[in-house]
Amino acid sequence: NRNKVRIATTSLAGCFGCHMSFLDMDERLVALLEHVELNRSPLTDIKHCGPCDIGLIEGGVCNAENAHVLREFRDNCKILIAVGACAINGGVPAMRNHFHLRECLEEAYVNGVGVENPQIPDDAELPLLLDKVHPIHDVVHVDYYLPGCPPSADEFLKVLGDLLEGKEPALPKNLLHYD
Amino acid sequence: MGAETNTITPNTIFIDGQDIPFNAGQTIMDAALAAGVYIPHLCHRPGLTPHGSCKLCTVDIGSRDVSTHDSDRRVQAKFSVDTDSRSVSACTTPAVAGQQISNNTPALNEVRKTITQMLFIEGNHICPSCEKTGDCTLQAMAYHLGMLDGHFPQFFPRREVDASHPAVMLDRDRCILCELCVRASREVDGKNVFAIAGRGINAHLIVNSPSGKLADSGLETGDMAAHICPVGAILIKEHGYEVPIGQRTFDLHQVGEIGLEEVILAKVMHTDE
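Same order as they appear, the protein sequences are chains A and B.
Residue numbers for the first sequence, in my numbering: 460 to 638.
Residue numbers for the second sequence, in my numbering: 18 to 290.
Just so you know, the hints here were simulated from the structure itself, not pulled from any lab data.
From the three backbone atoms N, C-alpha and C, an ideal C-beta is built for every residue, glycine too.
Watch out, some of these pointers could steer you wrong.
[Claimed, not checked] Covered by chain B, per the in silico footprint, the following chain A stretches (three or more residues, Cβ under 8 Å):
hint	region
1	538 to 551
2	554 to 567
3	592 to 604
4	628 to 636
Turn these sequences into a full structure, and let the hints guide you.
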């Protein structure tokens, strides 16, 4: 359908909780899908983000592939929304910024309890971790922020509803939370 | 004593055009709170010496008509030649008869939101994993001001946790240097447990004990200094996540309610302490 608003979604250094909260719209998703179609998303089989109206990004940026995907979304989406605490300020994964990356890898793959054949994975297919976890606005321009860990279904509905109506998205105070 | 009392002349300042009575010696903040007018603040607590560090209580004093403040304040600051108007901290500025004060304006609240964003990005304020979430005045302030993001790049500081004390812990990641604990410990029980040390961005909360550890200080759970922290920096151990979501302080209250200190204190006192 040519008239539908195209939305792409992705999870970078996310937990998929924001996507689950998106699905918490429950039966209201049926009405929403009258007006929108999903492009690249964990919920579709589309491998790359095509030209879209709205991109929803969950998760911060923790590795090279995250940065690559984020740039693909920015290049293709007219409006990019940072969804959830991780995308906004790095979130709980950014607690690793307290430690040196090598310390984290050694703890997980070398010194950790129950580790067999200890070695830090180094295959070229694996994306390298960044020194720190970053909010997405460290990498690309972000148009709107949807706070929460995760944002509630009502928050998704309010912001997407405003955008579908061509309005500037606004969150009422009773929907605003960071936890 | 009678003569002393007679010298306190009831007088009036004007906040957003509203008449606010004040007594000699009161600050703008004192007078506003007594009259039930909320001026946003984090480092102020009635009864403790004003500090003036958080700057959330920034108000404009000037001869300008209040309505002129409703446009973009930063643009005004650049182009206005009005030298009569100045920004001050309401908590440290004495009330003076006839002051015309702007407080609850969109422009000032925008400035306050920027200050709050600076506090968030300068520390590690990861609300989803903080025991103080829902009971945190900094977080409630950000909600009050409609903050959606930190706007600035995160500092991601590496700061030391002090878990040495058997009943109280110190997570410096969340400290906003309000000095409420410093003042409570110095002025209320005289133990003088806390201080701020270091300069500039390296300023941090220290413990005045020979080892620098909380365990070697005289801090006890009954002390006001152990409960006064407006954020999640000073916590009573083993009392996290006791209040269900929906019943936390700021699930039930707005940060702008007057006299909320009692409610917050009741919330953080635990029966087994």
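Status of the hints after comparison with the structure:
1. Taking a C-beta to C-beta cut-off of 8 Å, the region 538 to 551 of chain A contributes 7 residues in contact with chain B, enough for the three needed, and the coverage statement holds.
2. Proximity of the region 554 to 567 of chain A to chain B, defined as three or more residues with a beta carbon under 8 Å from a beta carbon of that chain, is established by the 3 residues found.
3. With 7 residues having a Cβ less than 8 Å from any Cβ of chain B, the region 592 to 604 of chain A passes the three-residue criterion, so the hint holds.
4. Requiring three or more residues with a Cβ within less than 8 Å of a Cβ of chain B, the coverage given for the region 628 to 636 of chain A holds, as 4 such residues are present.
Of the numbered hints listed earlier, not one is contradicted by the structure.
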